[in-house]
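Protein sequences appear in the order of chains C and Y.
The first sequence runs contiguously to residue 355 in this note's numbering.
The second sequence runs contiguously to residue 569 in this note's numbering.
Honestly, the hints are just simulated from the structure, not real lab data.
As the structure is a prediction and not an experimental result, all values here were calculated from the model.
Misleading hints may appear alongside valid ones.
What the hints assert, rightly or not - Straight-line distance between alpha carbons at most 20 Å, and here's what the computed SDA-like set of lysine to any residue pairs gives:
no. : chain 1 : residue 1 : chain 2 : residue 2
1   : Y       : Lys301    : Y       : Leu204
2   : C       : Lys257    : C       : Gln268
3   : C       : Lys64     : C       : Glu7
4   : Y       : Lys205    : Y       : Leu86
5   : Y       : Lys301    : C       : Pro74
6   : Y       : Lys105    : C       : Gly14
7   : C       : Lys107    : Y       : Leu110
8   : C       : Lys107    : Y       : Pro195
9   : Y       : Lys205    : Y       : Arg279
10  : Y       : Lys205    : C       : Leu93
11  : C       : Lys257    : C       : Gln298
12  : Y       : Lys301    : Y       : Leu283
13  : Y       : Lys105    : Y       : Gln298
14  : Y       : Lys205    : C       : Phe96
15  : Y       : Lys205    : C       : Val134
16  : Y       : Lys205    : C       : Asp97
17  : Y       : Lys301    : C       : Thr55
18  : C       : Lys64     : C       : Gly28
19  : Y       : Lys205    : C       : Arg104
20  : Y       : Lys301    : C       : Pro53
21  : C       : Lys257    : C       : Arg353
22  : Y       : Lys205    : C       : Gln135
23  : Y       : Lys205    : Y       : Leu313
24  : C       : Lys257    : C       : Ser348
25  : Y       : Lys301    : C       : Gly70
26  : C       : Lys107    : Y       : Lys301
27  : Y       : Lys205    : C       : Ser133
28  : Y       : Lys205    : C       : His92
29  : Y       : Lys301    : C       : Thr72
30  : Y       : Lys105    : Y       : Leu313
Unchecked claim - Stretches of chain C that chain Y covers, calculated by requiring three or more beta carbons in the stretch to come under 8 Å of a beta carbon on chain Y:
no. : segment
31  : 68 to 76
32  : 79 to 85
33  : 180 to 188
To be verified - Just a sample of chain Y residues kept apart from chain C, beta carbon distances all over 10 Å, derived:
no. : residue
34  : Phe159
35  : Ile202
36  : Ile545
For glycine and all other residues, C-beta sits at the position ideal for the given N, C-alpha and C.
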Amino acid sequence: MSQIILEAMQAQRGSLAIGPLDLQIESGECVVLLGPSGCGKTSTLRCIAGLDPVTAGRILLDGKPISVPGETLPPERRQMGMVFQSHTLWPHLSVFDNLAFGLRLQKLPEADIQTRVAASLDLVGLDGIAHSSVQALSGGQRQRVALARAVVLRPRVLLFDEPLSDLDAPTRAQLGSDLQRLQRRLGITTLHVTHDRHEAMAMADRIVLLRDGQIEQTGTPRQLYRTPASRFAAGFAGLANILPATIIEASETTTVKLGNGVFFTSSQGGFDIGETVDLLIRPEEIAVSLAEPQGANQYRATVETSLFLGNIADLVLALGDIRLRAQISPARDVEPGRVVTISVEPESIVLLRIF
Amino acid sequence: MRLSPRQMTRGRVPPLADFLLFGVVASLTAGPPLVVIATQLRTADGQGWSLRQGLGAMLHLLTSAEFLHALLTTLTLGCVVTAFCLPIGVGLALLVGRTDIAGSKRWDGLITLPLSTSPFTLLVAWIALASPRTGFLNMARSAVAGGAFDIWSLSGLAFVLILALSPVVYLFTADALRGIGGAAEEAARMSGASPLYVLRHITLKLCAGMIAASGLLVFLLTIEFYTMPGLIGDEAGFTTLPWLAVQNATSAPPHPAQAASCAIILLGISALVCALQQRALRLARSHALPHSADTEAQRLKLGRLRPLAQAGLGGFVLLACLLPFLALLLSSLLRQSSVHLSISLLTAGHYLSLLTTPAMRAALLHTVLLAVITGLACAGLGLLIAQIEQRAARLTRLIAIMALLPLAIPGLVIGLGLQRAASETAWQGSLAVLAIAMIARFLPFGVLAGRFGLARLHPSHAEAARLSGASALTTLRLIHAPLLARSLTAGLLLVMLNTLRELAAAPLLAGPDSQTLAMLVWHHMQIGDEQFAGSLAVVQTGMMISIVLLARALARIRLDRRFGVGERG
Chain C
1 MSQIILEAMQ AQRGSLAIGP LDLQIESGEC VVLLGPSGCG KTSTLRCIAG
51 LDPVTAGRIL LDGKPISVPG ETLPPERRQM GMVFQSHTLW PHLSVFDNLA
101 FGLRLQKLPE ADIQTRVAAS LDLVGLDGIA HSSVQALSGG QRQRVALARA
151 VVLRPRVLLF DEPLSDLDAP TRAQLGSDLQ RLQRRLGITT LHVTHDRHEA
201 MAMADRIVLL RDGQIEQTGT PRQLYRTPAS RFAAGFAGLA NILPATIIEA
251 SETTTVKLGN GVFFTSSQGG FDIGETVDLL IRPEEIAVSL AEPQGANQYR
301 ATVETSLFLG NIADLVLALG DIRLRAQISP ARDVEPGRVV TISVEPESIV
351 LLRIF
Chain Y
1 MRLSPRQMTR GRVPPLADFL LFGVVASLTA GPPLVVIATQ LRTADGQGWS
51 LRQGLGAMLH LLTSAEFLHA LLTTLTLGCV VTAFCLPIGV GLALLVGRTD
101 IAGSKRWDGL ITLPLSTSPF TLLVAWIALA SPRTGFLNMA RSAVAGGAFD
151 IWSLSGLAFV LILALSPVVY LFTADALRGI GGAAEEAARM SGASPLYVLR
201 HITLKLCAGM IAASGLLVFL LTIEFYTMPG LIGDEAGFTT LPWLAVQNAT
251 SAPPHPAQAA SCAIILLGIS ALVCALQQRA LRLARSHALP HSADTEAQRL
301 KLGRLRPLAQ AGLGGFVLLA CLLPFLALLL SSLLRQSSVH LSISLLTAGH
351 YLSLLTTPAM RAALLHTVLL AVITGLACAG LGLLIAQIEQ RAARLTRLIA
401 IMALLPLAIP GLVIGLGLQR AASETAWQGS LAVLAIAMIA RFLPFGVLAG
451 RFGLARLHPS HAEAARLSGA SALTTLRLIH APLLARSLTA GLLLVMLNTL
501 RELAAAPLLA GPDSQTLAML VWHHMQIGDE QFAGSLAVVQ TGMMISIVLL
551 ARALARIRLD RRFGVGERG
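Chain C on its own, in the form it takes in the complex (with noise of 0.2 Å):
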């Protein structure tokens, strides 16, 4: 198990210049780097990689340097194991000589080879096809050998380049999860770089969200959906309804007032009055009901679009000229022109500065 640090690393890829970014990964721990496409999460993992080299700053595995400027320590003296997005398995070699190919290089006797690929490919619930072609496997199958061959080196780091993504939905769900479950018992440090908020929310114990080659944000899952820092990482975390709105009453909680005069009130505090600020409320946040409005934070909104999802029903609500979306769980019949009452908890309130 290493830890992995960027000091101000920066780089180029394209016309994309990255950086200067700090992150310290620490031993065993699994990151995702988050982002749109372009946003450099891929170049960052090819620089920790060792495929392409760092313009400035520098990047440290245990406390040593292994990419500075001008000076790149090959990928092949890493001791890094990496899953790419295609998975590059190569197809003139058998499934067990995919695996056994970073071995041999190591010059491990032929017994311990045989013994290493089998426990990798047991690992990834493929035992019994070592021999087999790997043009004869399905998707999910080759994903899983690319993943056994980066594990059978015993690498210190794993990364993982969108390995999912080219997969079909339900054998990315499979894999994404024999994928974590894998990562946690092998303990090993991982970084995973994906576009997919479900699939770095599953996946990450922090995520690391990029945009434009600089770090928007960092934390848990959990800290990421709930208390974005910016109107960027709450739209990439989840469906958000996000509302200008300005401050007009500050103390421990704190009252805003929308454009057309509708007042929320947050549990969230520190603003001054006047500031004007992002009004952030998950969809899943705002309860609806028949019931006649009491208190704060409850209002009479009108059903303009209602639609059936199975687990939810997900609706598009008017209050005054703004638009609600909410979700409702379990999903129950809400015609389009009914009017019903929608009350959101201060808790569920985020307010967000405007830089």
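Add chain Y to chain C, keeping to what the hints say.
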């Protein structure tokens, strides 16, 4: 609502048009080799058929010293040229595609340049450069150190063929390298392999199928050439199998049965090599990797080896492009060959007579006419065949197979078959029979261009048109054709390019009134008028390079990257 029988799909019965198309395509492509085989089976008096006599005559020829010598020379030449082309082509491809050499795109364009010209022209140029006494290089060399390199030898011929065909291996390997992308190599690096180990054990092994296929193609092209071995072999005293066939077919009196025997053996070798090539291509396809667009392969740092690598690339370009072209240009401006060069030898007379002599003007016209007719016919017919092939009926599949058959048939066999079929008819020596030969030879390029384009169309394009009421033909005209314009243009220009340099079927079919530029180059080289042949070759090369540049400028098409490579025959 009831549908009339006309409105309903005609079930399993293929439309009459399909049968008609099958007849046309089969006559074009399978007809000539069948005629050659039939010639072999004719009785000695030409009045009847005899399998026994035919096989007897063939056996007699096969055991003759002349045939065995020609066969051995052909196979040796094929093996030697392939053995040299493989390391040269692969080496060049690795230097350009996998190292940090400067200007890799420029090198790529220069290395593939010989594919856009005629190998026979390269020989003409090298004759100007390396004839023992009058070759420019030998003149310069003897002034310094004495001794001479003799192009008029089997090794001289092999040298020119290696220069002409190494780009084929380069092209296949470069394509394979591009197909691998970077991820497979990076995965190996992450498993602990050094860059050189990755190159040897991953990169080259993944390219093995394509490299083998390119080697087999080089072998096939080498053994099918007859104009080049014929020209050199007559002087140097060797004969190759296709040249033996041509000699028998064109001697007075002709020996059609002997010519047919040689052609059938050549056809057999060609079929065998094509079958092996298919296996190699299947291997290459099975090694295809999912391509990640944003993962480019890492390039090896050359470091101190950079000057050596640049010298290697520069040396090849110098020998295969630059020197030959300059020699050709200089030779075409000389009155005659001479052991001493002087200003007084310079003349523009060859070019003037090329423009003013009616026979030359006619040859120019024939060349252009033939290229345009063949190009249009192959592109149109190819698209039609590719389109009906999508119906996946037995007959349409058969039509497509028939249309691609010429890929495995040497041009010499097509030439011999059509020569026999047209002999003593009004078609003999006409431009029409030349056009038929060219269409038969290059129809596969049209079909492949059609397939290439159609593969990029989503089936829903046609389905939406059919649901809107368009017939299959209307869909082809209004939906597919405009969307296919780029592929069709590529197919058209590629066929034109190959027609311009065709020297496999043409020498057997062209008459006094249907001469082309390529034929005239061949003819003037045979009679020893190297300077005039040079001027013709310069014009021919100019036309070919213009087509390549036009394709690049107008439609951003790299013709040298498309299906056709080299010249057969």
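Contradicted hints - numbers only: 7, 12, 23, 26, 33 and 35
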